[in-house]
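Residue numbers (our numbering), protein chains in the order written: chain A, 103 to 390; chain B, 4 to 242.
Simulated from the structure, these hints should not be mistaken for laboratory data. Errors might be hidden in some of the hints.
[What the hints assert, rightly or not] Cross-link-like lysine-lysine pairs, in silico, DSSO-like; alpha carbons within 30 Å at most:
1. K90(B) <-> K305(A)
2. K305(A) <-> K61(B)
3. K305(A) <-> K112(B)
4. K61(B) <-> K169(B)
5. K197(A) <-> K383(A)
6. K89(B) <-> K61(B)
7. K176(A) <-> K197(A)
8. K112(B) <-> K61(B)
9. K253(A) <-> K197(A)
10. K61(B) <-> K100(B)
11. K253(A) <-> K182(A)
12. K224(A) <-> K89(B)
13. K197(A) <-> K182(A)
14. K305(A) <-> K169(B)
15. K100(B) <-> K228(B)
16. K112(B) <-> K90(B)
17. K169(B) <-> K228(B)
18. K89(B) <-> K112(B)
19. K90(B) <-> K224(A)
20. K100(B) <-> K90(B)
21. K383(A) <-> K169(B)
22. K89(B) <-> K100(B)
23. K89(B) <-> K305(A)
24. K90(B) <-> K61(B)
25. K253(A) <-> K305(A)
26. K229(A) <-> K176(A)
27. K228(B) <-> K112(B)
28. K100(B) <-> K112(B)
29. K228(B) <-> K305(A)
30. K383(A) <-> K90(B)
[Claimed, not checked] Reference listing, derived: stretches of chain A covered by chain B, where coverage requires no fewer than 3 residues with Cβ under 8 Å from a Cβ of chain B:
31. 218 to 230
32. 281 to 294
[What the hints assert, rightly or not] Far from chain A, some chain B residues (derived; all Cβ distances over 10 Å):
33. E69
34. K89
35. Q225
36. E232
Glycine residues also receive a C-beta, built at the ideal position from the N, C-alpha and C atoms.
Below are the chains, spelled out letter by letter.
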Amino acid sequence: MSDVPQELRDEIPSFEKPHSREEHGPIDWSALTAIQGARSLVEIVSLVGLFAAIFFLVQGIVVWTHTPTYVFPKPIDVVKTFVQDFTSTEIHSLKVTTIEFLAGLAIGSTVGLVLAALLTLKPFVEKIIAPYVLIMVTTPMLALVPFLRLKMGFGLWPLIIAVALASGPMVMINSATGFRRTDLAKIALARSYGASTFQIFAKIRFPLALPMIIVGYMVGSIFGLLTAVGGEMVAASEQGGLGRDLVYYSSLARMPEFGATILIIAILGVLIYVIFYFIGKRWASWEA
Amino acid sequence: MHALDDVSIDVRVGELVCVLGPSGCGKTTLLWAMSGLHALTGGRVLLDGTPVNGPRPKEIGMIFQEANLLPWRNLRQNLEFPFEIKKRRPDRERIAKLLEQTGLAGFEKSFPRELSGGMQQRASIVRALAQDPSVLLMDEPFGALDAFTRDEMNLLLLRLWAETRKTIVFVTHNISEAIFLADRVVVMTPRPGRVARVYDIELPRPRTVEMTFEQSFIELVQEIKFAVEAGGRHALEVE
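Isolated chain B, as found in the complex (with noise of 0.2 Å):
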C-alpha cells in the first residue's frame, strides 16, 4: 500500500499553507517528495511549472524535524554549510542580519548542544533563509518543543514571513499551530493518505496568541478535529 494517494494540493506564491494530519497519513512523505528529496512513485511535484524530481537548492529551503544542526561545527559554521555546498561566498551581512532578527546575534561561536531547543530550531531557520530561497518546507518543525516556545516560534515565523514573503508549506500535527498559522489548511487523513478538506483561515493578520482563545477559534478547531476523525473512518469503510 502507497503512503499516500490521489493527493493534489496547490500551493499559490507568497501563501503559507498548512498540511495537517494524524501521524501516519503521509504528510511527510509528501513534504519531502515537494523537496525533492524522496521520489515518489505515481505523480509529479511541479514548481512554477516545472517538474521537481531531485534537490532543487536555489529555489527550496527545508526546515526538518528537530534542528538537524551538524554538532561539530559552531552556529556560524553551521550558518555556512549551505554557502559551502554550492561553493559559495558565506553572506555574512545577511546572516548576521537573520540571526538579529532571530535573537541569536552573539552566539555565533557557541555549538549546537549549548543552545536551547527553541534556539536550534530558530538556527536552522536562520540557516534556510540566509539562502534566499522562494520556498521553505518545513517538517513539523516545532513538535519538539514545549508549549511556550511553540507559540514563540510561531509569532517569529509569522513576523519573518510577513518580511520576506516566502512561500511557505508547514507539515503539522497540531491543529490551532495550523490554524494560527495558515492562509488554508489542507486536511489529511491516513491509510492511505488523502486530502479530506482544505480551509480557507480567515483570521486577520498579524495575528496573535490571544486570538487562539476566541470562540471562533476553538470551534474551527473542534471542526477540524470532527473532519480529520469522520475522513479516517470514511477511508476505513472503503478498504
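Isolated chain A, as found in the complex (with noise of 0.2 Å):
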C-alpha cells in the first residue's frame, strides 16, 4: 500500500480537525514567518526611535571613552565609509556574493524542492533517506569550499555548490513536511470532478504545502547567504566577495571598512527575510 501514490488511494478520509502541532517535521520554522511587523505609527516611531538611541549611545561610548579605532569604529565612521564606498569598491564585492548565493539557492532550493515532491509520494524511499537529508543540513557546508577549489579551481562555481548544498536540503525538509500534508477530503474533491494526478499535485498537494515550502525558501536563503560569506572568508573565488573583505579589512584592521562590510551583509540579510515574509503574506496567509 505504501507504494501507491496517495491521491490513488480510495480512502474515506476522516474529516476530523488535523492536528497542526503533529504535521510539522523534527524542524519546525514556521515561528520566522510569524514575526509581527510595526503596524500602527507608535510602533514605527518607537522602531526608529530605539535604532537611533543604540546608534547614539556606542557612537557615544567609543568617543567618551577614546577607543581607538582599530579596536572598534565609531558608527558614524562605519555609516561614513559605507556610503563613500559604496559605488567604487563595496558595490563589485556584493555582486559577487550576490551571484554566488543566487545561482547557488535556484540550484539548490529547485533540486530540493523537486526531491521533496518526488519522496513524500514514497514514504519508504523517503524514510531511507532521512538521515542523510538531517546530515546535510547539520553539516556546515563552507567546510567543503577549500576542497571544492583544489577540484574546481578558482572561479565561483566552488561557492555556488557551497551554497547549492546548505540551502537546498533546507528547501527539501520543509518542504517535505508541507507535502506531508495530505487532506484526502480535498484529493477527493478533486477526484470527484475527474482530476489527474497531475491536477491534484498542481491545485491541492502544491496550494497545501506552500506555507511550508515559503518558510523552506527563507530558512534555506539564510543558511545560503551565511554559506557564500563563510566561504568567501575560507577560500574566495579571484572575484572576492563581502566575506574576502571582511577577511582583508580585519587583517589591516581597517575596522570602517569591515564594518561596512557587514552592515552590507546585514542589510542583505534582512532582505532575504522581509522579500520572503510578503511573499509569504501575499501565498500563504489562508493559514494563519
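Fit chain to chain and form the complex, with the hints in mind.
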C-alpha cells in the first residue's frame, strides 16, 4: 500500500480537524514567518527611536572612552565609509556574493523542492534517506569550500555549489513537511471532478504545501547567504566577495571598512527576510 | 468483516432518498461507493444502467461532510475550481444565479475562514450545482451545523431540489432530518451494514418546519428509532 501514490488511494477521509502540531517535521521554522511587522505610527516611531538610541549610545561610548578605531570603529565612521565606498569597492563585492548566493539558491532549492515532492509520494524511500538529509542540513557546507577549490579551481562554482548544498536540504526538509500534509477530503473533492494526478498535485498538494515551502526558502536563503560569505572567508574566488573583504579589512585593522561590509551583509539578510515575509503574506496567509 | 453486506438500493430519477443509520452502519462507505470515489470489494453501482467504476464528474456531484472548501481560494475561485479541473470556461451566469438563490451574492471575494459554517456549506452546494450534475450525493452535509442553521439549510435544499429536480441521495444519522427531506428513507443497521427497512414518506410538499412538530411526524421518528435499534440487535444475534 505504501507504494500507491496518495492521490490514487480511495480511503474515506475522517473529516477531523488536523492536529497542526503533529504535521511539522523535526525542525519547525514556521515561527520565523510569524514575527509581527510594525503597524501603527507609534510602533514605527518607537522602532526608529530605539535604533537611533542604540546608534548614538555606541557612538557616545566610543568617543567618550577614546577607543581607538582599530579596536572599535565609531558608528558614524562606519556609515560614512559605507556611503563613500559603496560605488567604488563595495558594490563589486556585493555583486559577486549576490551572484554566488542567487545561483546556489536557485540550483539547491529547485533540486530540494523537486526531491521533496517526489519523495513524499514514497514514504519508504523518504524514511531511508531522511538521516542523510539531516546530515546535510547540520553539516556546515562552507567546510567543503577549500576541498571544492582544489577540484574546481578559482572560479565562482565552488561557492555556488556550497550555497546549493547549504540551502537545498533546508528547502527540502521543510517542503517535505508541507507535502506530507495530505488532506484526503480535498483530494477526494478534486477526484470527484475527474482531476488527474498532475492536477491534484498542482491544485491541491502544492498549495497545501506552499506555506511550508516558503518557510523552507526563507531558512534556506539565510543559510545560503551565511555559506556564501563564510565560504569567501575561507577560500574566495579570484573575484573576491564580501567574505574576502571581511578577512582583508580585519587583517589590516581597517575597522570602518570592516563595519561597512558587515552592514551590507546585515542589510542583505534583512532584505531576504522581508522579501519572504511578503511572499508568505501574499500566498500563505490563508493558513494564519 | 466488510462494512457493508447485502445492500440493494434503487433510486429513481428526480427522487430525494435519505440513507439513515447510526455511525458504523456503512452509510458513508455506501455513498462513497456510489460516487465512484471508493471501490467496493463486491457488488456494483449502476447509474442509468452503466456501472460506476470511478468518478463521474459529468453526472455526479458530491457534497462532503464539512464544506471542504479550499482555504487558499476565495469563494469565487472555489466555485470555479471544478471548471478548472474540467478545463472548461466557468459558467459565471449560472454561478451568479446560484449565489443569489443561496444568499451568498456579494461574498465572492471572501475566503472560507471568513464565512460562517452555514455559508460554507451553502457554497459547497453551489460548487456542486454549478456543474449541473444529474445526481447529487450528500454525505452528512449539515452534521456539523447547529440545529437552527440545519433547519435553514434543509429548507434551502428542498427549495433548490424543487427548482432543479436533481436526483439526491442524502446520508444522515438524524432521523427527523431524514423524514423531513426525503421521499423515501432507507434505514440501515450496523455491523455489517444492511438495509433494515425502507419507509415511504407521505408528508405533503412543500414541507415546513411546523410539520416536524405534528403527532404523525413524531410517531414516525419513534418508529424508525425502534427499527434501527431492533435491527441492530437482530444483526448481533445473527453473529
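task = Could you work out which earlier hints the structure fails to respect and list their numbers in ascending sequence?
result = Failing hints, ascending: 11, 15, 21, 25, 26, 27, 29, 31, 33 and 34.
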